[in-house]
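Protein chains: 2
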Amino acid sequence: MTRTTPDFSRMFRARSIAVIGASTDTKKPSGQPLMHLRKLGYAGAVYPVNPRYAQVLDWPCYPDVAALPETPDLALIAVGSGQVLQRLEECGQRGIPFVIVITSGFSEMGPDGALAQIQLEAVAQTYGTTLLGPNCQGMISVGAGFSLGFGLPYGLRYTSGPISMTSQSGGWGNTVMMLSEKAGLGFQNYQSMGNEASTTSMDLVDWFLDDPLTGMVVSYVEGCKDAHRLVKLGRKALRAGKPYLLWKVGTSDAGARAAASHTANLGGSAKLYKAAFRQGGIIEVTDVDELIDRAKALLAHRRPKGPRVAVVTLSGGAGVLLADHCSARGLPLPDLLPQTTARLKAILPPYAGLNNPIDLTGNIAAREESMIECLQLVIQDPNVDMLGVCLAAASGEAGNLLAGWVAQVATQTDKPVLVAWVATHPDQTQAGFAALEIAQVPRYETPVRCAIGMEALWRFVQSQQETAQIDQEPIYRLERPAMRATLAAAERDLSEFDAKKVLAAYGLTVTTELLARDADAAVNCAKAIGYPIALKIVSADIPHKTEARGVRLNLADAQGVRDAYDAIHHSVALYAPQVQLDGVLVQAMVTEGIELILGVQDDPLFGLAIMCGLGGIYAEVFKDVSFRLLPITRSEAASMVQDLRCFPILNGARGKPAADIEALVDAIVSLAALALDLQGRFTDIDINPLFVRPAGQGVVVGDALIKIRP
Amino acid sequence: MTRTTPDFSRMFRARSIAVIGASTDTKKPSGQPLMHLRKLGYAGAVYPVNPRYAQVLDWPCYPDVAALPETPDLALIAVGSGQVLQRLEECGQRGIPFVIVITSGFSEMGPDGALAQIQLEAVAQTYGTTLLGPNCQGMISVGAGFSLGFGLPYGLRYTSGPISMTSQSGGWGNTVMMLSEKAGLGFQNYQSMGNEASTTSMDLVDWFLDDPLTGMVVSYVEGCKDAHRLVKLGRKALRAGKPYLLWKVGTSDAGARAAASHTANLGGSAKLYKAAFRQGGIIEVTDVDELIDRAKALLAHRRPKGPRVAVVTLSGGAGVLLADHCSARGLPLPDLLPQTTARLKAILPPYAGLNNPIDLTGNIAAREESMIECLQLVIQDPNVDMLGVCLAAASGEAGNLLAGWVAQVATQTDKPVLVAWVATHPDQTQAGFAALEIAQVPRYETPVRCAIGMEALWRFVQSQQETAQIDQEPIYRLERPAMRATLAAAERDLSEFDAKKVLAAYGLTVTTELLARDADAAVNCAKAIGYPIALKIVSADIPHKTEARGVRLNLADAQGVRDAYDAIHHSVALYAPQVQLDGVLVQAMVTEGIELILGVQDDPLFGLAIMCGLGGIYAEVFKDVSFRLLPITRSEAASMVQDLRCFPILNGARGKPAADIEALVDAIVSLAALALDLQGRFTDIDINPLFVRPAGQGVVVGDALIKIRP
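Chains as they are written, first to last, in this note's numbering: chain A, 1 to 710; chain B, 1 to 710.
In case anyone wonders, no lab produced these hints; they're calculated from the structure. Treat the hints with care, since some could be wrong.
All copies of an identical chain are treated as equivalent in the list; a pair is satisfied when it fits inside any one copy or across any two copies.
Unchecked claim - Heads up, simulated DSS-like pairs for lysine-lysine below, C-alpha to C-alpha not over 25 Å straight-line:
1) 656 / 545
2) 274 / 225
3) 623 / 271
4) 623 / 656
5) 274 / 242
6) 27 / 271
Here chain A stands alone, though its shape is the one from the complex:
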């Protein structure tokens, strides 16, 4: 599975390009790539290849790639789907390193197309050709000033900049690029992915992260086949300090269905994608505006040391808005130091707001020294990690001056400064815009969008810190050959009694319990364990004991045990008359503890994933769960617990005693070790409930089930 990522610089900096199947009809996809190359003034060698022509546009045309005067760096194939394989083979024989196939009619068309696509893949592998597509639209090297593709966006010039992007939807990718460009973002490389027969988005992203000209990576993704690589790429991006923004679509049922039919991509489970993004510090976006807002903030080089925001505003309303939206996104507005407030008070008029948000009021616009001093005082306050400045609708010369002062203060600090400013006449405040851009001060039209940018900055720094920690930690591993043998020998799913034995072998604490085969034995077991006890039916044929009414709780004495024994057998006989019963489990009651659920699933697409969540009757409605792909380190296990919304309850909210969070984290780490050791032998492990007892008293597995891989 592991391959060396090609060095795509030879493609994005291609010095010679062949277009195979080149047409003189510039309305056709096969005619457009050459038209765009000419229009964009591509300076390298261009070789149209088509036996039907002697010349296409200004260039001599060759009958086949063998006839070319040199081996081009890059070829595009635009012939009918039936001829693609042959042309690709010729490219391989000629030693062309990069080939883009725009022709459609492959895996997106069903089984026959999929078969044809596999043949393309095989040929590419034989010759070591890097194949892009089929069914893609092409590529754009904004940095080198050329494109190779069809469709109007491939004929446009873009502002060059540090963003490199891949898209699994050609049309939508171009839309994102155009809207981002309109918002002032610049691009370096763009690749339309199509069906990803052999080269995937992740191959490109891997190279983008090595490319010194790329400072930020964006992917538009309908589906991917290797979530673990996604995590690795995310962490590589964090280490490189290059934000990786990913837009995953197809998260709804209807959307996933459409995505699957669109580029023949398996969608994969939305919650496991989210786990991969979380683990890799990948910045998920769900709209083009959100992408732009986050990208703007992250493209400026200053990074906050913490989440605390100071807001300075010329308009009360704008300041309120920015404060609200920072708070909603987990960015607190701290009080400033008393000495800062005192100095602000000396400078500002009496009706100014001195609390954070600091409302300078509109009058400040005319007072250069005061404005600069206020901004300096606030940004230098040690309680402040980032500064948001609302210039409201400042216009004309006043707006330019204000922006200049903000820019001046920003260049003297290493704390991020962001601006919310909707200039009334943007044409008159271009100087102010430029001053902010030079000072790396991101500018937003509204305070709300400014808050989105601030949040992105802090989350990125947080993810970098988390990854640095994870990089230093070992993966906890255990080997239990006996348990591997038990699972290998199992012919059916392990019921509670046997599953708990497996869990115990990896260090998880399970309820004290004994198996009894008649009522007398049950009473003796209960006496040995101590009352109160629970009684549960044991039968591998009855996975849902509660549904079969095969469980009785809180039995207080011998008579209770006898009555319950009879009642359980009566209920179960009605529910499932034919099944064989193995006896009853006599189990200690866990009296105190918060009910959670733990589990591991072996996902067909993503492999092992571990889950921790709220248990009990509300589990289904609040869906308060966190997932991680395995393996995980201890700090990742801890972050799973901290990510739960019910974490404050575990942590002792409302003056209640805290639960044993350390033991819970240990249990997750042990379960992860178990899953890695037994990988391949099970499909699912469910622990429900896991009782998390008060601090110091550990956790106890209440019930468990292990589903065997058939």
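Assemble the complex: chain A is given as a structure, and chain B must be docked to it using the hints.
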């Protein structure tokens, strides 16, 4: 409190205007209103008033309003804060109906300013003057083509249209207006509110809803003083079919603090604002983009009959996105009828997607008849309530043609049609944009924003239906003079035992319980009630029984009761040695039931509000609560329960038996009747827990507390 709302048409259609304190310096706030009137070509009579000038700009200037040749419809006061009262009085004497005060230095400046403002209010009341401001920026009558205010936005021309807007922040209101204008929305009236000394946003909104030229109302609100009127206005808007969009800021602590100091507005509780919006069907927005997206959809006249969306797309990616975001917003994508799908299949190429979303693929762009037929088939399908069409990045002539075909289909249906389309060269597709506008097809740049529009349409229709239902229902009322007397006589908060008696008097079922003063009595009580029982300390000095360890549950026999009695007295003596104990409550255990909380609070700003929410240990973290302002009808009580995220549990999720929702709704209605009958005598009523038992078995008040108004 109830006043007749003035007919503001005389202000927004003013035929004569006086500017009191008019200055020749157009840089000053007092110089700008006249400058703007002249620039905008105001056709009415203009009267500068200032004893220092004989003429200002082109107009003769008068020493005072008494000297004016006629009584103007509208006056603006722009004198120093010390002279405002005198000038306002002169306006009153002259009989000027509308006076706008832009001068600041009133309640926003603290107690002295507040006192000065109360004097303004009194003078306005004496003369029946409608006073706007002080500390506001002015008004804009877009429809009549003039403005009266200071600041650059008051000198601009706007596209006229059906939106009338109020803003409590002058600067931010103008920003919203300019950004909305840029997005193609048109305005009728705009008012900057300032301190709202006597005229409030709600007075304006009330009139906007009567104004035949207004089709939509927008308010930017930092705080308001009468939430019940907000509900009434919301319902008036629903009945009038005029969407009322409200942007409430100051929802965070920092934001509320800033809002309070900004226009001296009490913020009020965010959750009670939300209750008012919910009850009034007011469309809450939290960003200017969201405002624009919702407004665009609602300004088109077609309304959906249900929430079901069909998506037709030229780009697979865009279709996936629209599907995802519709699903996330509760708009399902239904399957089409088999006959619809069959007919689509006959028209479309084999690789087109026939499931909803329907992917026509880009090739359709050249085939007029096919495109129109597909759109018609889909929109006519009875499973479809709304149609979203993704034109992706269609450009030039092709884009214009496509837009024309969509427009053609849209005019033949009464179902809403919305378009997501980011044209590559917008200048070349103006014809297409115009065709869509004429056909009332809202156009969005991205599928995500298109989904926001669709959601707004369906929510508006839902709110209209809910209000129509509520309008037909009575308010349930009960009179219990004895209970009124009990509360009036109470000297301190009612503890569990007494509070439950009050609740029972209004028809709420409480736990069976008896008061015992010694251990023997407790055992006798327990026998009478039947085991298991709970024992709870009774003392008006101990409101938090659990904290005092004064509660024992699940006592099974006489010895258990005796032990618990002693243990409770021991614990409580340690916790609060001095207090007087009234005895112990012997209470039947409620064995089955979901724990909710019910409550009523008498809010200083909003009056009586009722609450229903999830109880138990997770109440604090999930905050799953719904609020309504009283009075409420039965369907509103039912909607409170349905709004809870835990509703599926009550309704019998996962095959479990449903809880007694009818009895829960009855309990809410009874508690509401209680609160109305006892209004003024309490500050809070808490029922925690309320056990909601299985269907048919009712609800039981487990514990309760009534806090008496001192």
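Hints versus structure:
Taking the shortest alpha-carbon separations for residue 656 and residue 545, only the inter-copy value of 15 Å comes in at or below 25 Å, while the best intra-copy value is 33 Å. Only within a single protomer do residue 274 and residue 225 lie at most 25 Å apart by alpha-carbon distance; the minimum there is 14 Å, versus 43 Å between protomers. Proximity of residue 623 and residue 271 under a CA criterion of 25 Å is satisfied in both settings, with 11 Å inside one chain copy and 23 Å between copies. For a Cα distance limit of 25 Å, the shortest separation of residue 623 from residue 656 qualifies both inside one copy, at 24 Å, and across copies, at 18 Å.
Taking the shortest alpha-carbon separations for residue 274 and residue 242, only the intra-copy value of 20 Å comes in at or below 25 Å, while the best inter-copy value is 40 Å. For the homomeric pair residue 27 and residue 271, neither the shortest alpha-carbon distance inside one copy (43 Å) nor that between copies (58 Å) is at most 25 Å.
Hint compliance for this structure: hint 6 alone is broken.
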